[in-house]
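Trainee: Here's the letter readout for the chains.
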Amino acid sequence: MKATIKHLLVCAAIITTTSTTAAIAAKPTPDMNKVFHYQFPVAETGFDPAQANDLYSNTVMEALFEPMLTYDYLARPSKLAPRTADLPVMSEAGKVYTFKIRPGTLFTDDPAFKGKPRELVAEDYIFSIKRLADPKLHSQWRYLVEGKILGIAEAIKTATKSGKFDYNQKIAGLEALDKYTLKVTLEAPDFNYPYILAMPTFGALAREVVEHYGIDIPAHPVGTGPYRLDKWARSSLISLIANPVYRGHVWSYTAQEKGDEELVKAMQGKLLPTVGRIEIAIMEEDQARLLAFQSGELDMFQLEGPLAPKVMDGAVLKPEFAATGAKLSRIIDPEIQYPYLSTRDPTIGGMSKERIALRRAIFLAYDDTEEIRIVHNSQAEALDYPIPPGVVGYLPGYRSVNRTNLPLAKALLDKFGYKVGADGFRTTPQGKPLVIKYTSRPDSLGRQQEEMWQKTFNAIKIRMESDKKKFPEILKAEKACQLQMRTNRWIADFPDGDNFMQLFYSKNIGQSNNSCTDVPEYDALYEKAMVMPAGPERDKLYVDMARVLEYYGAHRISMARARNMVMQSHVMGYKKHPILLADWLYIDMEKPKGEKQ
Amino acid sequence: MSSFILRRLWQMIPTMLGVVLLVFFLFSFVGGDPAYLLAGKISNKEQIENIRTQLGINQPYYVQLWIFIKQILTGDFGVSWATNEPVSHIIATRIGPSLTVLIPIMIIEAVLAVLVALGVAYVRGSLTDRAIMVICTVAMSVSLLVYIIIVGQYVLAYQFGWFPVQGWGESFSENLFHYSLLPILLGVAVGIAPNTRLYRTFILDEINQDYVRTARAKGLSEHKVMLKHVLRNALIPIITNLMIYLPSLLIGHFLIERFFSIPGIGREVILAVERSDFPVIKAITVYVAAATMLSNLAADLLYKAVDPRVQLK
Numbered sequence: 001m002k003a004t005i006k007h008l009l010v011c012a013a014i015i016t017t018t019s020t021t022a023a024i025a026a027k028p029t030p031d032m033n034k035v036f037h038y039q040f041p042v043a044e045t046g047f048d049p050a051q052a053n054d055l056y057s058n059t060v061m062e063a064l065f066e067p068m069l070t071y072d073y074l075a076r077p078s079k080l081a082p083r084t085a086d087l088p089v090m091s092e093a094g095k096v097y098t099f100k101i102r103p104g105t106l107f108t109d110d111p112a113f114k115g116k117p118r119e120l121v122a123e124d125y126i127f128s129i130k131r132l133a134d135p136k137l138h139s140q141w142r143y144l145v146e147g148k149i150l151g152i153a154e155a156i157k158t159a160t161k162s163g164k165f166d167y168n169q170k171i172a173g174l175e176a177l178d179k180y181t182l183k184v185t186l187e188a189p190d191f192n193y194p195y196i197l198a199m200p201t202f203g204a205l206a207r208e209v210v211e212h213y214g215i216d217i218p219a220h221p222v223g224t225g226p227y228r229l230d231k232w233a234r235s236s237l238i239s240l241i242a243n244p245v246y247r248g249h250v251w252s253y254t255a256q257e258k259g260d261e262e263l264v265k266a267m268q269g270k271l272l273p274t275v276g277r278i279e280i281a282i283m284e285e286d287q288a289r290l291l292a293f294q295s296g297e298l299d300m301f302q303l304e305g306p307l308a309p310k311v312m313d314g315a316v317l318k319p320e321f322a323a324t325g326a327k328l329s330r331i332i333d334p335e336i337q338y339p340y341l342s343t344r345d346p347t348i349g350g351m352s353k354e355r356i357a358l359r360r361a362i363f364l365a366y367d368d369t370e371e372i373r374i375v376h377n378s379q380a381e382a383l384d385y386p387i388p389p390g391v392v393g394y395l396p397g398y399r400s401v402n403r404t405n406l407p408l409a410k411a412l413l414d415k416f417g418y419k420v421g422a423d424g425f426r427t428t429p430q431g432k433p434l435v436i437k438y439t440s441r442p443d444s445l446g447r448q449q450e451e452m453w454q455k456t457f458n459a460i461k462i463r464m465e466s467d468k469k470k471f472p473e474i475l476k477a478e479k480a481c482q483l484q485m486r487t488n489r490w491i492a493d494f495p496d497g498d499n500f501m502q503l504f505y506s507k508n509i510g511q512s513n514n515s516c517t518d519v520p521e522y523d524a525l526y527e528k529a530m531v532m533p534a535g536p537e538r539d540k541l542y543v544d545m546a547r548v549l550e551y552y553g554a555h556r557i558s559m560a561r562a563r564n565m566v567m568q569s570h571v572m573g574y575k576k577h578p579i580l581l582a583d584w585l586y587i588d589m590e591k592p593k594g595e596k597q
Numbered sequence: 001m002s003s004f005i006l007r008r009l010w011q012m013i014p015t016m017l018g019v020v021l022l023v024f025f026l027f028s029f030v031g032g033d034p035a036y037l038l039a040g041k042i043s044n045k046e047q048i049e050n051i052r053t054q055l056g057i058n059q060p061y062y063v064q065l066w067i068f069i070k071q072i073l074t075g076d077f078g079v080s081w082a083t084n085e086p087v088s089h090i091i092a093t094r095i096g097p098s099l100t101v102l103i104p105i106m107i108i109e110a111v112l113a114v115l116v117a118l119g120v121a122y123v124r125g126s127l128t129d130r131a132i133m134v135i136c137t138v139a140m141s142v143s144l145l146v147y148i149i150i151v152g153q154y155v156l157a158y159q160f161g162w163f164p165v166q167g168w169g170e171s172f173s174e175n176l177f178h179y180s181l182l183p184i185l186l187g188v189a190v191g192i193a194p195n196t197r198l199y200r201t202f203i204l205d206e207i208n209q210d211y212v213r214t215a216r217a218k219g220l221s222e223h224k225v226m227l228k229h230v231l232r233n234a235l236i237p238i239i240t241n242l243m244i245y246l247p248s249l250l251i252g253h254f255l256i257e258r259f260f261s262i263p264g265i266g267r268e269v270i271l272a273v274e275r276s277d278f279p280v281i282k283a284i285t286v287y288v289a290a291a292t293m294l295s296n297l298a299a300d301l302l303y304k305a306v307d308p309r310v311q312l313k
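Here the protein sequences line up with chains U and S, keeping their order.
125 is the number that my numbering gives to position 125 of the first sequence; each next residue is one higher, with no gaps.
124 is the number that my numbering gives to position 124 of the second sequence; each next residue is one higher, with no gaps.
Chain S extracted, bound-state conformation:
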């Protein structure tokens, strides 16, 4: 197990190097020169050169690349070019609001989708199954989050007054139980349809397996068959799906955050791109790349925990 983990960690180095090169060259060549933005409405060549010197963007590319690599190794990405706020502080203060909304969305969505999928798989072919699948397909076709947010915010928050239209407070409980409820509800509403269909497929794949027939032949109750045998085996692709979603928690959800004025990392990413704020973009990209690789590793380890037959090589 430990040699597997070490090998996987070692393999992450060239992958991360690829990410670093891609990010660096993308923003160096197509990201725009931030000195012109920072110089303001009226500026001259000397001022712009001065800013470029201070930002270090007039140095040779290999020097800039080396500085970038050193920043990754030390975890110190400096300060935002637009606000002078330390990048580490930006990430530390914005990640909390994002996770306050996204973790409940992920958990509720996963639990509900698995339960509904189990239910419809159990009554597969019935009117209920077909009706839910039709609803899911229709929901997938129209469930562009932006429409759901616009309608949900208008109807549930403004018309009915059940939730605040937008906002964010200072305490965790106020944010979770007051301001986040509607964003969570809408986030779940969007994600549940495709996931239900997907998980139903995983479960149906298992239901038709020989071991299920054997379990039933042994006289196990349908309840036990579904929850103990079918669900456990269907968990591997479900875990994969969840693990793919996990790194996206780090970049937040800019649509939800913008519509509900949640000071999360998703809004910050959009702001950073608009301001050509390279230090922030670099740091978030690197963190997300690292998180993706680590969550893939975690998924592999979870396979082993869920199914002891899985061999880690």
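So that you can see chain U by itself, here it is in the shape it has in the complex:
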């Protein structure tokens, strides 16, 4: 199996090297009259790959900086593709990855380069990865390199002690074999590491630029991507302009799903970018976004749940909206929403039969479909499996044993001695009061979900207590395993099942296992699966793991939200990608569109 993967990666590398040579032979000629107007519902924070910790800054950075790898635009489930480097050659059973960076990739011009063209080299990636480990930058992405790349953990320890990260030090796991060859050695085999290296966080910065701008580096993003930052009015407008030294990339993808043929027909062979300018406005209010789109001020926007009843009829646009020429690209987000009951909680945790029965009864009583309809305006899809659609390892047709079944929930509680007391609420089998504390955020989603759970608990006659906490306080309590119950959510960092299955591994408590799931059977299976490449063998283990979680009633895998991208008729070639953030890099616009059309 491992040999097969190695063979595939090498083959893909050869094929893509050939195709990309064609891509860089020509020079893109973006039309500066084509301006793509887009919006973010939340303000960005800054454009430093190491420091930015929000979705929107990372979206912009995907257009400015380049990691070595990216994703095939149309492939589903998502598949890696070369960006500045060919697909890596894997060796030592997933412990070593060797990347060949394509010569001739240039950073966009900047005063830090003193008027000379600056080529991207392997050392730039080494420097950029080291920045993720610098304790002073408190990068939230540190976990992607610490304990993963050989020698990084030691470098962090030394820097924490000395107060300064030495960027000149050699890191055993990061080696530039020559100007264009980067060897990444991991502490342990990890077949998913190329996915991690495709994240915008791993975009390359030039050391001289970082040193030139110092603390102000988030305002000076100098990368090799198709666009560069032209104007930035913080929290208001981000204006990107085509990078004049960008090598260009050819739109060359194969149709995979229904509707792809149309995109392929319209876009195949085009040298991107063709759009000269991208203008991203920050629009926090739903109404402002919708009206701006309807009045032509926006070319595309993300339709949030509260607007859905105005625009959507289930999974399609309302006829009157579609009649205006508007188009929709819709996916189910690669995420899971999972209410959890802590297995470490003194009241409801543990592995005794009556505790397991209690937890399962609570999950059996909950009606996800009602939450989807009422809270999410039908813009979500019920899930049973811990791996969502679009992610490697997803299993369509899987059915949870904890699906909604109120009579069964009540019967289970009765059977295990949770009797209804004089006050109308159930007690523990020992006759003590039974109260479940449900924690949520004091926002509208938190309130609505709490109401749904209150209704559920009333139906099975269990007393529920509301616990409102601000988000930082929730995180703090979760890291210390102090929450009893909450509805959590996780969106994919990369499109592999491991990114979801690791959430329930007990050794990740205090890190990503926020539900404090502690099930030894699950851990044993996970330890086997984590060193396996994706494939039927690992999938079988994943099914067993999902069942273990259900039997012990640790979670209820509940749903994933839909992501609806609504665009004007003149936007060509757009299809929402589950992982790529700046997927508008792959579009063209049918007619020249001036600033104020």
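Treat each hint with caution, since some may be false.
[As the list claims (entries may be wrong)] Quick list of in silico lysine to any residue cross-link-like pairs, SDA-like style, CA-CA up to 20 Å:
1. K161(U) - R52(S)
2. K528(U) - N508(U)
3. K470(U) - F27(S)
4. K310(U) - V151(S)
5. K507(U) - L541(U)
6. K231(U) - K41(S)
7. K183(U) - L150(U)
8. K41(S) - K415(U)
9. K415(U) - N458(U)
Treat the hints as calculated values from the structure; they're not laboratory data.
Dock chain S against the given chain U, drawing on the hints supplied.
Mentor: Leaving out everything else, chain S in the frame of chain U:
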């Protein structure tokens, strides 16, 4: 006069100290620990401690309080915890858009409200007076700004296309005469009703005074009586009302700014609260407190200018 000003400035110190203590303890105890937000999706104890050390929030409270006081004295509140942008730069760049919208609202609203109030006070008891008062009362009952904005933005900007739906440009004139017109119109529409009622009351209080009767007995025209005598005396409570409004210019108007995508200070305050961005919240709170005290002082000085009989003690 100068001793009055000095005394008032001196009295501001304990007031400001109270504000500082209130802000500090409120955010230290109920503001949430920003380290958990900044640490991201996956973090460990050591990382969180490292962030807390860098932010200085694991130091004893008295040390943190002293740092806060030093920041106020030097005017340097450091950088935003969320964006690394200097707080002074945040305030300097966001205050302009807020004032571009709010100053015209304040001026237009005050002028219109005073003129309408004078008019209806002059014809007090008439059908016009009663009709305008009914309209004002109804407007006050329904004039929650959010509804006015939603309807105004939908009808005037989208349906009629008279204004842009939202946006902000680079030049002052473009912003004032293109993007700000609708926000200003809606802001005035909301504020004018309560102010008209209030100012009418102030003016009616004056109209019934003996000096007005004397002025009329002297044979002065109604025009002169209203504008020279009544209005001048009614200006004191009107100035008080305006001065109360003045410090709020510094915190912008988050509803108007959010709906019309205006990069003002009001949006920034909401963002800072959502991100537990204590340096930004601290700086804006302190500035607003100082501005409130200074505008109160300015109001007292204006009383003296408007009415020489006022004694500043």
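Trainee: CA of K310(U) to CA of V151(S), is that 20 Å or under?
Mentor: holds, 16 Å
Trainee: Starting from K231(U), check that the Cα of K41(S) is at most 20 Å away, please.
Mentor: Roughly 30 Å between the alpha carbons, so the hint for K231(U) and K41(S) is violated.
Trainee: For the pair we were handed, K528(U) and N508(U), check the Cα-Cα distance against 20 Å.
Mentor: holds, 16 Å
Trainee: Check whether the Cα positions of K183(U) and L150(U) lie no farther apart than 20 Å.
Mentor: holds, 11 Å
Trainee: Does F27(S) lie within 20 Å of K470(U) when you go C-alpha to C-alpha?
Mentor: holds, 12 Å
Trainee: Do the alpha carbons of K41(S) and K415(U) lie within 20 Å of each other, as the hint requires?
Mentor: violated, 40 Å
Trainee: For the pair supplied as a hint, K415(U) and N458(U), is the alpha-carbon distance within the 20 Å limit?
Mentor: holds, 19 Å
Trainee: Verify the proposed pairing of K507(U) with L541(U), using a straight-line Cα cut of 20 Å.
Mentor: holds, 18 Å
Trainee: Hinted pair, alpha-carbon criterion (20 Å max): K161(U), R52(S). Please report holds or violated.
Mentor: Holds: K161(U) and R52(S) sit about 16 Å apart, inside 20 Å.
Hint compliance for this structure: hints 6, 8 are broken, all remaining hints hold.
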